[in-house]
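Number of protein chains: 2
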Amino acid sequence: MAKEITSRSADYSQWYNDLVYKSGLADQSAVRGCMVIKPHGYALWENMRDVLDKMFKDTGHVNAYFPLFVPKSLFEAEEKNAEGFAKECAVVTHYRLKTDPANKTKLIVDPEAKLEEELIVRPTSEAIIWNTYRDWIQSYRDLPILINQWANVVRWEMRTRPFLRTTEFLWQEGHTAHSTAQEAIEEAEKMHEVYTRFAEDYMAIPVIKGVKTTNERFAGAEETYTIEAMMQDGKALQAGTSHFLGQNFAKAFQVKYLTDKNIEEYVWATSWGVSTRLIGALVMTHSDDDGLILPPKLAPVQVVIVPIPKPSPEIAEVSMKIIQELTAKGIRCMYDKDDKNRPGFKFAEHELKGVPVRIGIGMRDLEQGQIEVARRDTKEKQNIPFANVSDHVTNLLNEIQSQLFQKAKDMRMQNSHQVNDWKEFVSIMEEKPGFVYAHWDGTSETEDKIKELTKATIRCIPLDAVEESGKCIYSGKPSNKRVLFAKAY
Amino acid sequence: MAKEITSRSADYSQWYNDLVYKSGLADQSAVRGCMVIKPHGYALWENMRDVLDKMFKDTGHVNAYFPLFVPKSLFEAEEKNAEGFAKECAVVTHYRLKTDPANKTKLIVDPEAKLEEELIVRPTSEAIIWNTYRDWIQSYRDLPILINQWANVVRWEMRTRPFLRTTEFLWQEGHTAHSTAQEAIEEAEKMHEVYTRFAEDYMAIPVIKGVKTTNERFAGAEETYTIEAMMQDGKALQAGTSHFLGQNFAKAFQVKYLTDKNIEEYVWATSWGVSTRLIGALVMTHSDDDGLILPPKLAPVQVVIVPIPKPSPEIAEVSMKIIQELTAKGIRCMYDKDDKNRPGFKFAEHELKGVPVRIGIGMRDLEQGQIEVARRDTKEKQNIPFANVSDHVTNLLNEIQSQLFQKAKDMRMQNSHQVNDWKEFVSIMEEKPGFVYAHWDGTSETEDKIKELTKATIRCIPLDAVEESGKCIYSGKPSNKRVLFAKAY
Numbered sequence: 208m209a210k211e212i213t214s215r216s217a218d219y220s221q222w223y224n225d226l227v228y229k230s231g232l233a234d235q236s237a238v239r240g241c242m243v244i245k246p247h248g249y250a251l252w253e254n255m256r257d258v259l260d261k262m263f264k265d266t267g268h269v270n271a272y273f274p275l276f277v278p279k280s281l282f283e284a285e286e287k288n289a290e291g292f293a294k295e296c297a298v299v300t301h302y303r304l305k306t307d308p309a310n311k312t313k314l315i316v317d318p319e320a321k322l323e324e325e326l327i328v329r330p331t332s333e334a335i336i337w338n339t340y341r342d343w344i345q346s347y348r349d350l351p352i353l354i355n356q357w358a359n360v361v362r363w364e365m366r367t368r369p370f371l372r373t374t375e376f377l378w379q380e381g382h383t384a385h386s387t388a389q390e391a392i393e394e395a396e397k398m399h400e401v402y403t404r405f406a407e408d409y410m411a412i413p414v415i416k417g418v419k420t421t422n423e424r425f426a427g428a429e430e431t432y433t434i435e436a437m438m439q440d441g442k443a444l445q446a447g448t449s450h451f452l453g454q455n456f457a458k459a460f461q462v463k464y465l466t467d468k469n470i471e472e473y474v475w476a477t478s479w480g481v482s483t484r485l486i487g488a489l490v491m492t493h494s495d496d497d498g499l500i501l502p503p504k505l506a507p508v509q510v511v512i513v514p515i516p517k518p519s520p521e522i523a524e525v526s527m528k529i530i531q532e533l534t535a536k537g538i539r540c541m542y543d544k545d546d547k548n549r550p551g552f553k554f555a556e557h558e559l560k561g562v563p564v565r566i567g568i569g570m571r572d573l574e575q576g577q578i579e580v581a582r583r584d585t586k587e588k589q590n591i592p593f594a595n596v597s598d599h600v601t602n603l604l605n606e607i608q609s610q611l612f613q614k615a616k617d618m619r620m621q622n623s624h625q626v627n628d629w630k631e632f633v634s635i636m637e638e639k640p641g642f643v644y645a646h647w648d649g650t651s652e653t654e655d656k657i658k659e660l661t662k663a664t665i666r667c668i669p670l671d672a673v674e675e676s677g678k679c680i681y682s683g684k685p686s687n688k689r690v691l692f693a694k695a696y
Numbered sequence: 208m209a210k211e212i213t214s215r216s217a218d219y220s221q222w223y224n225d226l227v228y229k230s231g232l233a234d235q236s237a238v239r240g241c242m243v244i245k246p247h248g249y250a251l252w253e254n255m256r257d258v259l260d261k262m263f264k265d266t267g268h269v270n271a272y273f274p275l276f277v278p279k280s281l282f283e284a285e286e287k288n289a290e291g292f293a294k295e296c297a298v299v300t301h302y303r304l305k306t307d308p309a310n311k312t313k314l315i316v317d318p319e320a321k322l323e324e325e326l327i328v329r330p331t332s333e334a335i336i337w338n339t340y341r342d343w344i345q346s347y348r349d350l351p352i353l354i355n356q357w358a359n360v361v362r363w364e365m366r367t368r369p370f371l372r373t374t375e376f377l378w379q380e381g382h383t384a385h386s387t388a389q390e391a392i393e394e395a396e397k398m399h400e401v402y403t404r405f406a407e408d409y410m411a412i413p414v415i416k417g418v419k420t421t422n423e424r425f426a427g428a429e430e431t432y433t434i435e436a437m438m439q440d441g442k443a444l445q446a447g448t449s450h451f452l453g454q455n456f457a458k459a460f461q462v463k464y465l466t467d468k469n470i471e472e473y474v475w476a477t478s479w480g481v482s483t484r485l486i487g488a489l490v491m492t493h494s495d496d497d498g499l500i501l502p503p504k505l506a507p508v509q510v511v512i513v514p515i516p517k518p519s520p521e522i523a524e525v526s527m528k529i530i531q532e533l534t535a536k537g538i539r540c541m542y543d544k545d546d547k548n549r550p551g552f553k554f555a556e557h558e559l560k561g562v563p564v565r566i567g568i569g570m571r572d573l574e575q576g577q578i579e580v581a582r583r584d585t586k587e588k589q590n591i592p593f594a595n596v597s598d599h600v601t602n603l604l605n606e607i608q609s610q611l612f613q614k615a616k617d618m619r620m621q622n623s624h625q626v627n628d629w630k631e632f633v634s635i636m637e638e639k640p641g642f643v644y645a646h647w648d649g650t651s652e653t654e655d656k657i658k659e660l661t662k663a664t665i666r667c668i669p670l671d672a673v674e675e676s677g678k679c680i681y682s683g684k685p686s687n688k689r690v691l692f693a694k695a696y
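Just so you know, the protein sequences line up as chains W and Z, in that order.
Start counting the first sequence at 208; every next residue gets the next number (our numbering).
Start counting the second sequence at 208; every next residue gets the next number (our numbering).
Next comes chain W alone, as it looks inside the complex (with noise of 0.2 Å):
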């Protein structure tokens, strides 16, 4: 192994944090809870970024900028968003810094340029946009809009991890507008199904979509539309939000519309994202303890050529032609013309860093007029007749693709439960977390006495949850569908 990265079964949470250090996905940075996206990472976000951005456009949305700042008094004009979000905002309160009297190689804040109002970092951008789009409404004839943005946000969490759980993260938020209230929730549950086809068409990550209870909903939402995954240590993790914000914000900043009849109503509003954590969320699902596992519709680079044991002008003329073949079929290649390294060294590195297809090609394999092909996920190697490697790499990356999604599936079927009694829930929580389909009474009350006692929360009610009378896996008392409960990230 090139870099030592903690196995799984010793330490799955000092896993993730090797694997995403020493893969090259990110750094630690010198601002509290913050990190540097390394190119790699980067690389994996914009075609994150790519696809989602045509999957929008597709449906109608198109992108617009909205401020880095939101003034005081409009971040609290929502009261439940802002309760939702003021303990953990970051403040800008001057605007100048100015040389320190006391040791002129410093700086200190000028205390002459102090904000009349203070301006929040957005933490999520509701109110910003909602007091814009007070302008830009007057009749239905300016409806819907369908407004979607890329930024970045800052949240002020206490324990943060690389792309889980981040000071600042970068995301996607859609802003949208309508003029009843059945359109918002169908626009909600549009986007709540592109970004279930996102998950498990690109991700290759199974999700159960449900929405939130009350407790989980996002701060001033009357519905939250959620898609859930299990990662490998059996919890979950929110991979992606919609939300029916109801007349909310039109209310709190006034946004109303005159109907066709000439009657003025409030706003409906939906707003949905996802964010980089969606990259935590691809590292635990399919990584191993030798590096990343790359879903093949997203990996930076889909298949690398090492020459073996190095660089020669005859390995690499074979390997243009194969990468010209390669490319124009759309497949992202890359030929490893390091001399320094021997391929064993390569082999790891590429491992490492979750190419989902390798090349060896040796002087012998010229002869023969083959290529040894590799696979990251199974290891698995074959040997190609070079006439064949287009149409066999080709097949191999949808192969790929779909089989880490079933393994993910099969692996989420072994760890699901349906439980009734009390006893059994709490030892699947403590001895081998997993998805556990119980019965709950409906009350905020149970639910948080269950998190108290277990740590599990209900991650959502499933939307395809069967209609069974049952008790409350707690409380005893009566319940008519399964939620779903889990330890979370």
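Among the hints, a few may not be true.
Said to hold, decoys possible - Heads up, simulated DSS-like pairs for lysine-lysine below, C-alpha to C-alpha not over 25 Å straight-line:
#1 Z/Lys311 <-> W/Lys294
#2 W/Lys313 <-> Z/Lys458
#3 W/Lys311 <-> Z/Lys287
#4 W/Lys688 <-> W/Lys639
Honestly, the hints are just simulated from the structure, not real lab data.
Keep in mind the model is a prediction, meaning the values are calculated, not measured.
Got chain W sorted already, so can you dock chain Z onto it with the hints?
Relative to chain W, chain Z alone:
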């Protein structure tokens, strides 16, 4: 006209503001000096970003992302840079709000959540990046580092104008690290050339390439390469800068590397950036009193089809065929399906938004097997047989692109002067500002004095300046080449 815009001759500055707001490029926001980039403006920025991003990647760069915040101690490490930005930066001092005890619906800054060290919202990222590069660079094998970042930055400007000067703006900033001064200088020059190609080939804006004087150099740079464009009012706009930073940041952040001879040396640096300011340059170079004129290569919509007098199934059918043909050639098209407004209104709207080519199709056109093609820049119209539409439009877009460039170049030529006499210099700057090539004695004192007296600054020392002996336009002292003076945005 759909919306009233002040004419350029009446008030150029007001024309610019009217146009930016009314064409849907941007809107004002609730945050002092910050704008909202509206969908039309953002689509334009996306096109610019995508072209630039490809140019950066084609020249070997990769993207990454560094934190928004810079701890004060890092910010002040490189003295000149710190001094250059200290007076205009947003400072985060607290990380939490709390409920106002005096008014439960209001929030106040929680005095107990004061940061030990203030955070500066990045005005530029040299400090945070070079503090990180220290950990990434040990030996010559780690060099060069060729990283670019797409990000938002904040500079607390006192007088702001949309795109041209806003408190927050979007930009890209390249930050590279090299083992030799020569290599770093070549990198800075390469990016200078990339910016030139982008400005001229895509934005259709001719630029003068040169270097800045000490006065106008980036704070912390040894040399600043710039491209300077002339706006329609004769004023200059700095459209992109590339800096050779010497070892200033390496020394400030102790970034050293071991050479192949095992000697420890400081690393050499460059940085380079362009911003949403370029959108302002685009508007002021090409547009007219009726609205935006956008170069086809960057226009969000290149061709709009307007059914006359209103949408019908027959017109839609023909339009879809045309759109299919054009889209196959990579042309961005739109069919105007609005059935509420009259053609005249729609024509004005599309002119306002700067769509380069408009196709009008009426019932009689269908009968005659032709359509009307109008170009935005010259307003010329032509009837074209169906069969030729796709070729005609392709050629027309190319023609518009190159004619916009030529027109801007002619305009610059007409407003550029070689001046040898101080009185003439003053009168030109007062009466019909333009580019003035004049001799200068090379001192900051003279430069300051000329600025004080005429508001003109030295935009650059052109790279192609001819060696000739002359006398400084102001001091009469000897000079060996002319520099470029202009009033500037």
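Hints versus structure:
no.: 1; hint: Z/Lys311 <-> W/Lys294; result: holds (15 Å)
no.: 2; hint: W/Lys313 <-> Z/Lys458; result: holds (17 Å)
no.: 3; hint: W/Lys311 <-> Z/Lys287; result: holds (13 Å)
no.: 4; hint: W/Lys688 <-> W/Lys639; result: holds (24 Å)
The structure is consistent with each of the numbered hints, conforming to all of them.
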